[in-house]
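Participant: Protein chains in written order, with the numbering used here: chain A, 21 to 221; chain B, 452 to 685.
Keep in mind the hints are simulated off the structure, nothing from the lab. Be a bit skeptical, because a hint or two may be false.
[What the hints assert, rightly or not] Okay, derived cross-link-like pairs now, DSS-like style, lysine-lysine, Cα gap no bigger than 25 Å in a straight line: (1) B/676 <-> A/188; (2) A/56 <-> B/676; (3) A/188 <-> B/644; (4) A/188 <-> B/546; (5) A/191 <-> B/678; (6) B/546 <-> A/84; (7) A/89 <-> B/546.
[Stated by the list, open to error] So these bits of chain A aren't anywhere near chain B, every CB distance computed over 12 Å: (8) 52; (9) 59; (10) 62; (11) 69; (12) 77; (13) 85; (14) 101; (15) 104; (16) 121; (17) 154; (18) 155; (19) 186; (20) 208.
[Said to hold, decoys possible] On the chain B side, residues computed to face chain A include the following (Cβ under 10 Å): (21) 559; (22) 575; (23) 672; (24) 674.
Values in this document were obtained by computation on a predicted structure and should not be read as measured data. Positions of the beta carbon are idealized from the N, C-alpha and C atoms, including for glycine.
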Amino acid sequence: MDLLLRFLEISIGTIFINNFVLSKFLGLCPFIGVSKKLDSVLGMGLAVMFVMTLSSFVTFIIYKYVLEKFALEYLRIVTFILVIAALVQLVEIILKKIMPPLYDALGIYLPLITTNCAVLGVAELNINLGYNLFDSIVHGFMGGVSFLFAMFIMATIREKLEFSDIPKPFKGVPIAFITAGLMALAFFAADKNILSIFVQK
Amino acid sequence: MSNMIKQENSLLKEFTKGIIKENPSLIILLGLCPTLAVTTSIANGIGMGIAASAVLICSNIMISLLKNYIPEQVRIPAYIVVIASFVTIVEMLMKAYVPLLAKTLGIFVPLIVVNCIILGRAEAFANKKNVLESIMDALGMGLGFTLSLLLISMIREIFGYCWIDFRNYGVKEVLTLPVITKDSELIIELFGKKIEFYKGIFVLAMAPGAFFVIGLILAVINYFKSKFEDKEIL
């Protein structure tokens with residue numbers, strides 16, 4: 021029961037309140053760069069979800085049982101980025117061998133993930149927030165879900181934006197940012213601190 | 452003699468191109484995460500800009516020196532290790548000398564590793580050119596990045612809070628604008644009456660404001676780009 025509550029707490033917190041893209045600003049490059057078409061969004065989002073879950077598991081184990089045990093915490097950044105890069109390569113090779121259809125769908129997005137700040141960000145956040153193994157895995161998975169969620173909304177809006185009459189300087193990336201701002205405003209409403217302002221008044 | 456002048460000119464060109472023409476965050480749109488996340492105040496923006504520039508300069512020098520020794524096939528992991536080591540050094544220095552700033556920037560200090568500007572310059576520039584050119588390139592790009600952070604954070608902090616907060620560097624008081632202010636309100640005294648002249652737009656300093664501000668800045672840049680495209684000034 022406790023585990024279920026913790027699961028719900030982290031999932032709702034990560035998807036709606038501290039959305040990785042819209043309130044923590046992690047993974048913005050693919051958010052703006054890839055969100056033009058719905059197909060590519062699904063591919064990228066699933067690939068990120070997969071790698072984030074796996075990497076938060078592996079980095080947590082390595083941090084707790086290798087780095088912390090031998091007092092090597094200062095090697096954190098180097099270790100994490102190397103682990104993530106190796107993991108992405110490994111996932112690519114394994115998928116190519118075992119599940120070719122999935123590899124065809126995710127293939128071109130996998131190499132991009134190494135430099136996605138959301139993946140390194142979730143590993144760092146797990147350590148900073150003092151999460152345990154269960155929390156970290158849930159946080160990694162739900163972080164991926166929140167990324168996919170935000171990308172999905174963005175892509176559906178941008179497909180419609182293609183046909184609307186926008187002032188010329190705003191075409192393309194600027195209007196995408198303004199849209200993201202409006203989305204962030206909507207997600208922002210779920211924040212506890214903001215809600216408390218209205219309650220007090 | 453003319454050769455030397457030519458060389459100096461090309462060095463100056465490497466330096467200046469990063470500031471406006473190829474500004475990494477506002478024209479090429481690299482390194483967006485720190486650009487939006489840490490620009491809540493001018494102090495944070497400058498701190499992030501300087502930290503990223505320091506890493507950029509060191510890694511450009513290192514990669515330019517090592518370019519003949521790194522095998523072609525493993526160059527990207529090698530670059531990442533070099534960058535990650537410098538980021539670790541910068542993080543330790545920040546924690547020691549500006550602990551409050553390091554705490555505010557939080558995970559965005561380690562995330563300098565995956566800042567596309569640094570890996571991008573290593574891949575596109577430093578592994579082809581000599582050390583001096585790489586240093587100039589890194590200085591220009593770093594300055595361009597810092598200036599764009601400064602622009603965004605200035606808009607967000609001044610219009611959002613009506614103050615300038617340098618407390619993270621050990622300054623005791625926040626600087627308020629030279630009008631009587633109270634709780635982010637600008638009040639003007641006119642004929643002995645106090646008139647509320649401007650109230651801070653808090654949303655600008657929060658997460659959605661970052662998106663609005665950068666969207667508007669990019670629109671202004673697009674406008675000038677399309678205007679000057681025929682005349683070839685920029």
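Participant: What hint numbers does the structure not satisfy?
Facilitator: Checked against the structure, the hints that fail are numbers 3, 4, 8, 14, 15, 19, 20, 22, while the rest are satisfied.
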